[in-house]
Amino acid sequence: MKMKKNLIYLVLIVIIAVIAFVPGVKEKLQDTFFPIATIENAVHVSEEDYDIDLQGINVPSTNLKTFKNKAVFLNFWGTWCPPCRKEWPSIQKLYDTRKDHVDFVLIAMNDQEDAVRKFLKENNYTVPVYIAQSPISEKILPKVFPTTYLLDKNGRIIIKEDASRDWNTETVHQFIDNIIK
Numbered sequence: 001m002k003m004k005k006n007l008i009y010l011v012l013i014v015i016i017a018v019i020a021f022v023p024g025v026k027e028k029l030q031d032t033f034f035p036i037a038t039i040e041n042a043v044h045v046s047e048e049d050y051d052i053d054l055q056g057i058n059v060p061s062t063n064l065k066t067f068k069n070k071a072v073f074l075n076f077w078g079t080w081c082p083p084c085r086k087e088w089p090s091i092q093k094l095y096d097t098r099k100d101h102v103d104f105v106l107i108a109m110n111d112q113e114d115a116v117r118k119f120l121k122e123n124n125y126t127v128p129v130y131i132a133q134s135p136i137s138e139k140i141l142p143k144v145f146p147t148t149y150l151l152d153k154n155g156r157i158i159i160k161e162d163a164s165r166d167w168n169t170e171t172v173h174q175f176i177d178n179i180i181k
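Under the UniProt record's numbering, the first residue of the sequence shown is numbered 1, with each subsequent residue one higher.
Hints in this document: simulated from the structure, not taken from any laboratory.
In this text the structure is predicted, and so the values were computed from the model without any measurement.
Don't take every hint at face value.
[To be verified] Distance condition first, Cα-Cα at most 25 angstroms in a straight line; then the derived SDA-like pairs of lysine to any residue:
| no. | residue 1 | residue 2 |
| --- | --- | --- |
| 1 | 93 | 145 |
| 2 | 65 | 136 |
| 3 | 86 | 145 |
| 4 | 70 | 177 |
| 5 | 160 | 13 |
| 6 | 121 | 131 |
| 7 | 160 | 104 |
| 8 | 121 | 81 |
| 9 | 65 | 8 |
| 10 | 86 | 48 |
| 11 | 118 | 103 |
| 12 | 68 | 86 |
| 13 | 93 | 56 |
| 14 | 153 | 53 |
| 15 | 65 | 161 |
| 16 | 143 | 57 |
| 17 | 70 | 166 |
| 18 | 68 | 145 |
| 19 | 68 | 132 |
| 20 | 86 | 96 |
| 21 | 86 | 66 |
| 22 | 160 | 177 |
| 23 | 86 | 55 |
| 24 | 160 | 80 |
| 25 | 143 | 112 |
| 26 | 160 | 48 |
| 27 | 139 | 118 |
| 28 | 160 | 126 |
| 29 | 86 | 144 |
| 30 | 160 | 133 |
| 31 | 68 | 153 |
Go ahead and model the full structure; you've got the sequences and the hints to work with.
Laid out in C-alpha cells, this is it:
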C-alpha cells in the first residue's frame, strides 16, 4: 500500500515538473482551460468605460463608444515596448483573417504620433491604430504593456492578456469564431 502511495506522489511530481519546465505545455493547458474560467468570472466594461476619444493614426478618429455592442480586440501598446513590437506580426495575421468577425482597436500609449506612423509604415501594418485623447477608465487602463482585451458584444472581458503573446493561433481563431458571435 505504501509503495502504491509513493508511486502516486512520484507521478504527480513528474506531471507538475512537466507542466512547469517543458516549454509550451503550460501555454497549451492554459489555452485549453483558460477560456471557460474567464467567461464565468468576466468583468463587464460599462458605458462610461467605453467613452474614450480616439485619434485615428491609419483610420478615421472615433470614440471607443462606437464599438459598443460589437466584439472588440482591444490592445494597448507602444513603439517603445519590445514585447509589444514582438507580438505585432501575429496581431496583423489575426487581423487579416478575422477583421470581419471582430473590430480591432490598438491604442498606442505614451507614444508620439510620428513614431507610430513610422512603425506602421516600415512594417506594412494595417491594423487600426489610435492614440487616446481622453482619460482611460481604471477598469481597462493597463498596468503593463502590452495588455490585450477581447471583449464580447455585451462588453464582457473574455480574455485579458497582460503579456506578449502569439495571437495568430488556432485557439484564438476558434475563440473569436465561436464565442464572439
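Flag every earlier hint the structure violates by its number, smallest first. The structure conflicts with hints 5, 9, 10, 12, 21, 27, although it agrees with all the remaining ones.
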